[in-house]
Structure formats: C-alpha cells, structure tokens
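Participant: Chain A is already provided as a structure; the job is to place chain B on it using the hints.
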Amino acid sequence: MDLANLEKKSWQTFFNDGFLDILLGVLLLNFGLAPVIEYEFAIHYLYPYIFMLFLAEAIFFVGKKYVTAPRIGRVKFSKRRKQKKHKVTFVLALSVALGFAIYVLFALGIVEDSAPFSWWVALFCINAIVVFSVMAYFLDFPRLYLYGMFFGFSILIAELLDEFIIGPYNALIGFGVFGVITLVIGLTCLLRFLQKCPPNGEVLHE
Amino acid sequence: MSKKKGNILTDIQPFEFADKVIHEPARLTIMAHLFVIESADFLFLMRQTNMTFGNLSSHLKKLEGAGYVEIIKEFVGKKPHTMIRLTKTGRSAFEHYKKNMKKLFDGLS
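Protein sequence lines correspond, in order, to chains A and B.
Reading the first sequence from the start, the letters are residues 1 to 206 in our numbering.
Reading the second sequence from the start, the letters are residues 1 to 109 in our numbering.
Hints in this document: simulated from the structure, not taken from any laboratory.
Just so it is clear, CB atoms sit at the ideal spot from N, CA and C, and this is done for glycine as well.
All clues given are correct.
Take a look, some chain A residues computed to stay more than 10 Å from chain B by CB distance:
(1) I43
(2) H44
(3) H86
(4) S118
(5) P142
(6) N170
Cross-link-like lysine-lysine pairs, in silico, DSSO-like; alpha carbons within 30 Å at most:
(7) K84/A <-> K8/A
(8) K84/A <-> K98/B
(9) K61/B <-> K196/A
(10) K98/B <-> K20/B
(11) K76/A <-> K73/B
(12) K87/A <-> K65/A
(13) K62/B <-> K79/B
(14) K76/A <-> K98/B
(15) K73/B <-> K196/A
(16) K61/B <-> K88/B
(17) K84/A <-> K64/A
(18) K61/B <-> K76/A
(19) K20/B <-> K8/A
(20) K85/A <-> K88/B
(21) K76/A <-> K99/B
(22) K103/B <-> K9/A
(23) K64/A <-> K8/A
(24) K82/A <-> K98/B
(25) K64/A <-> K79/B
(26) K8/A <-> K102/B
One chain only, chain A, in its complex shape:
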C-alpha cells in the first residue's frame, strides 16, 4: 500500500468534477470574446470581461458547494498539502504582479511594442506555461500542464494572426479554440462525475 499515492488519489478526487477546467475554459474564451464584443457592440471590453469572470467564478464556487460536496463529502488535508496550496497562491500572485508591471510599463510608454512579433508576447507565453506547470506540479493536477500550453499557444496564435485578420477576431480564434476545447474537457469530466457519484452517497448498483 503506497500511502503517498493514496493521499494523492484522495486529493485528485476533487478535480474529477471538472469545475476547474470549466473555469479555465471560460477564462480563455473570455480573452477572445471580450474584444469582439467591444468591436461589434461598442461596449468597453472590461464590462463583458468582468461579467464573465464573475459568472465563471460563481459557477465554480456554487458547483463545488452544491454539486461536488454532497457527492464526495468533505475532507481536511494535511499541513503539507496546505503549504503546497500557499506556494501556488504565491506563484499566481507573482505572475499577476509581473503582468501588471508589464502593463504599467506599456501604459507609461517606458517600453514600446516592436511589431510584428514583440518580445513581450514571448514573455507572456512563457509566463503562462511556467505558472501553469508550477501549479500542476504543486497541485498534483496534470491537466494543468496541458492548459498552460493552451494559454501559451492562445497568446502566440492570436498575435501571429493579428497581421492577417481585420478586427479582434484573431483573439477570438486564438483563445476561442483552446477555450472551447478546455470547456468540452471540463463538461465531459462533470458529466462523468455526475454519473459516477450520485448525491449523498446513494450507490447506483444497490
């Protein structure tokens, strides 16, 4: 009996519901849809962006509370696991701070964009892949490696298509394709989870 593996298996149970995948899928879609909404309907991209962000988070938290918990129960993990979660929070905060710093540098005109393929695109791609890989490692959630690649490639594709497509549709293609794939993975996981785990411990074959 491998106790470390047993703990890992228990921990990973909470990712089987697909809600994190759905959240990440909506986030990716959001990056593609918000600029298109701004372009087509003259609504500042931040409004649909923030609305969808709140919607995705609401789905995540409501889903975890009312769908996942009544089906697989509640558990408190060890201190070691909590420390790993703190490390993930730290890495995420660092990544957001880095993104914000780059944004400020551009906004103040300290750094200028050198089209067609600027260094900051590469930096954002690498940042996405590194952050998601670190999260995947500390959270023991291998699908995050894949989503890191999705985020990285979305930025890259959107940037490469910018020259050839008029309007913000390059973002829709770049982020939308990977967003839809992530959403489909999440929804498939959720459906499988709902079939496998009926609420309150009712066992299907009994």
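Facilitator: Chain B alone, transformed into the frame defined by chain A:
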C-alpha cells in the same frame, strides 16, 4: 521428526505483533485513508473505500471502540457536520503496525 516439527514452530513467530483491530483489510483501508489526511466526513470515506454505509459504520464503531478514531462535530455554515479523524493513539498504532509489517516482510526470504 518431532524435534524437527518443534523447530518449525519456533521459527515461525506467532502473528501476534500485528494489531488485529487494524489488520482486518477493511479497517486497514479506513486507517490508511485517515492516516494520510487530517479528517474526513463519512461520505468521503465511503467514496474512497468503496464500502457501503453499514459496512463502514460497523468498522468505524470498532475503531472508535479501540480508541483509534474519534468523531468530531463541526459546523459548516449553520449546519452541523460530523468529521472523523485518527486519534494520537490511532496514529501511533498505525505507525507501529506499518513498522511491524515491514519488519515481517523484510525478514521473509
């Protein structure tokens, strides 16, 4: 011949060092699951161990009787919630069991 038999009996040590409360496969599974976490509720244990309500309940009663697990009443929001965790005795009993089993299998050739 009888001397030889006697030797075999002395060579094979009685299996008493294995804690019988823990050694039963279902209870060993419960103890192992509780050992790697802080605490869990009944439903979580049921899902992880693939046991039925009655089965898990009866094994938990035995473990509680031995002083290896304790039931904690908590509140999740305003609702009362029952969590199960290993006691200090339970944790050290499991460690001891693990050590003994390792010693037993290491000794096998």
